[in-house]
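**Student:** Letter by letter, the chains look like this.
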Amino acid sequence: DQQVKQNSPSLSVQEGRISILNCDYTNSMFDYFLWYKKYPAEGPTFLISISSIKDKNEDGRFTVFLNKSAKHLSLHIVPSQPGDSAVYFCAASVNSGYALNFGKGTSLLVTP
Amino acid sequence: GAGVSQSPSNKVTEKGKDVELRCDPISGHTALYWYRQSLGQGLEFLIYFQGNSAPDKSGLPSDRFSAERTGGSVSTLTIQRTQQEDSAVYLCASSPRRADYEQYFGPGTRLTVT
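Chains P and U, in that order, give the protein sequences. The working numbering puts the first sequence at residues 1 to 112. The working numbering puts the second sequence at residues 1 to 114.
Next up, chain U with everything else stripped away, as it sits in the complex (with noise of 0.2 Å):
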């Protein structure tokens, strides 16, 4: 079946502009997570979505990052006012919610702030 996806798979934006990054988890996956890799650095919690539930934020760096899950499925990370350190990979998860430790990857949308 069809895995989870983000788009763009690439993002070059001048510093200062905003960005939108789009997830769309697996289907039935009532779990969607958002991670991002630095140069260099392990994989860095952002968010998660389970359900209806109020998403656990905690991870997010800075109140310029704030994320949105539409209708349980499709969710977008939104980074204003973007950084040079905003650059990075960003990789969003979904699963199952019997087993939210075994997340399933995206392939990441590689954010370059120039």
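Same shape as in the complex, but just chain P (with noise of 0.2 Å):
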């Protein structure tokens, strides 16, 4: 049963533009939430991350935006680069704990 859904597969964006990639969950006892990124070949590495407590949380280029009355959260970058084509990971944990419960991904492409 995925808990985490990201229901776009892939995303095209012109670089300079802005990229917004979606997630949704359906467990409410979820009280943090990252987002990952991947490159061919390579692990997740940590982008960015919210606490249920906020609905905002910025880091330079990168903004991570929930809304708890939606389950929902995105990530936007803000202008997209060509070295921002990636997998997107959308994750989740339950008392901030440690077994992150993943998205299937949305791959990203930014156009020159």
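To be clear, the hints were calculated from the coordinates, so they are not data collected in a lab. Some clues are possibly wrong.
[Unchecked claim] To give a feel for the contact side, a few chain P residues facing chain U, derived at Cβ under 8 Å:
1) Tyr32
2) Glu42
3) Gly43
4) Pro44
5) Ser93
6) Ala99
7) Leu100
8) Gly105
[Unchecked claim] Straight-line alpha carbon distances no greater than 30 Å define the calculated DSSO-like cross-link-like pairs of lysine-lysine that follow:
9) Lys11/U to Lys71/P
10) Lys104/P to Lys57/U
11) Lys54/P to Lys11/U
12) Lys104/P to Lys11/U
13) Lys15/U to Lys57/U
14) Lys71/P to Lys56/P
15) Lys71/P to Lys57/U
16) Lys54/P to Lys71/P
17) Lys5/P to Lys57/U
Note that the structure is predicted; figures quoted are calculated from it, not measured. The beta carbon of each residue, even a glycine, is placed where N, CA and C say it ideally should be.
The two chains are supplied separately, each in an independent frame; assemble them into the complex guided by the hints.
**Tutor:** Pasting the structure below:
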């Protein structure tokens, strides 16, 4: 049973524009959310996170928004760069714990 | 510094054979995790080690799967009597105790069971 869902398997964006990656979850016990980025033949790398007590967290070009009532979060990348092309995984945990529940990922392609 | 390393990077094995996958975590990280990613799926939690505590094995899919962590460092994931559905990328991660959720992943081992 997939508790974290990324319904868009792929997204293509022009360089300089905004990339918006979406994630939905079903478990209301999730209280910590993360985004990981993965390049081919490498493991996922931590990108940004947000606690359920916040609705926004920003780190440079990356901002994560959390809408608890809708059980939805999104990752905004502004401006998008070709080096951002990767697979992005949304993940969530209960009690900020270690067993992360991952979505299936969204493949982002940023074109020059 | 050195990241999480895993070996082998690729493993092809015949159905019914046993396999061992190795993980070297980041030095000083007390927590170690195993995940697997089957084709078209998200990462699936398998097992968690934290220091000298008993591991959380709740994610292991069957009793054919086992894992050890020796000396609080290197870990080995063993799959006995492999089945075709075991084919996946097996990822290891480690984290410092203060931030279990910010996990540092290795490149993974791609296991193919023929």
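**Student:** Each hint should be assessed against the structure and marked as holding or not.
**Tutor:** Outcome of the hint check:
no.	hint	in the structure
1	Tyr32	6 Å, holds
2	Glu42	5 Å, holds
3	Gly43	3 Å, holds
4	Pro44	5 Å, holds
5	Ser93	5 Å, holds
6	Ala99	5 Å, holds
7	Leu100	6 Å, holds
8	Gly105	7 Å, holds
9	Lys11/U to Lys71/P	39 Å, violated
10	Lys104/P to Lys57/U	22 Å, holds
11	Lys54/P to Lys11/U	43 Å, violated
12	Lys104/P to Lys11/U	23 Å, holds
13	Lys15/U to Lys57/U	24 Å, holds
14	Lys71/P to Lys56/P	14 Å, holds
15	Lys71/P to Lys57/U	28 Å, holds
16	Lys54/P to Lys71/P	13 Å, holds
17	Lys5/P to Lys57/U	24 Å, holds
Of the numbered hints listed earlier, those contradicted by the structure are 9 and 11.
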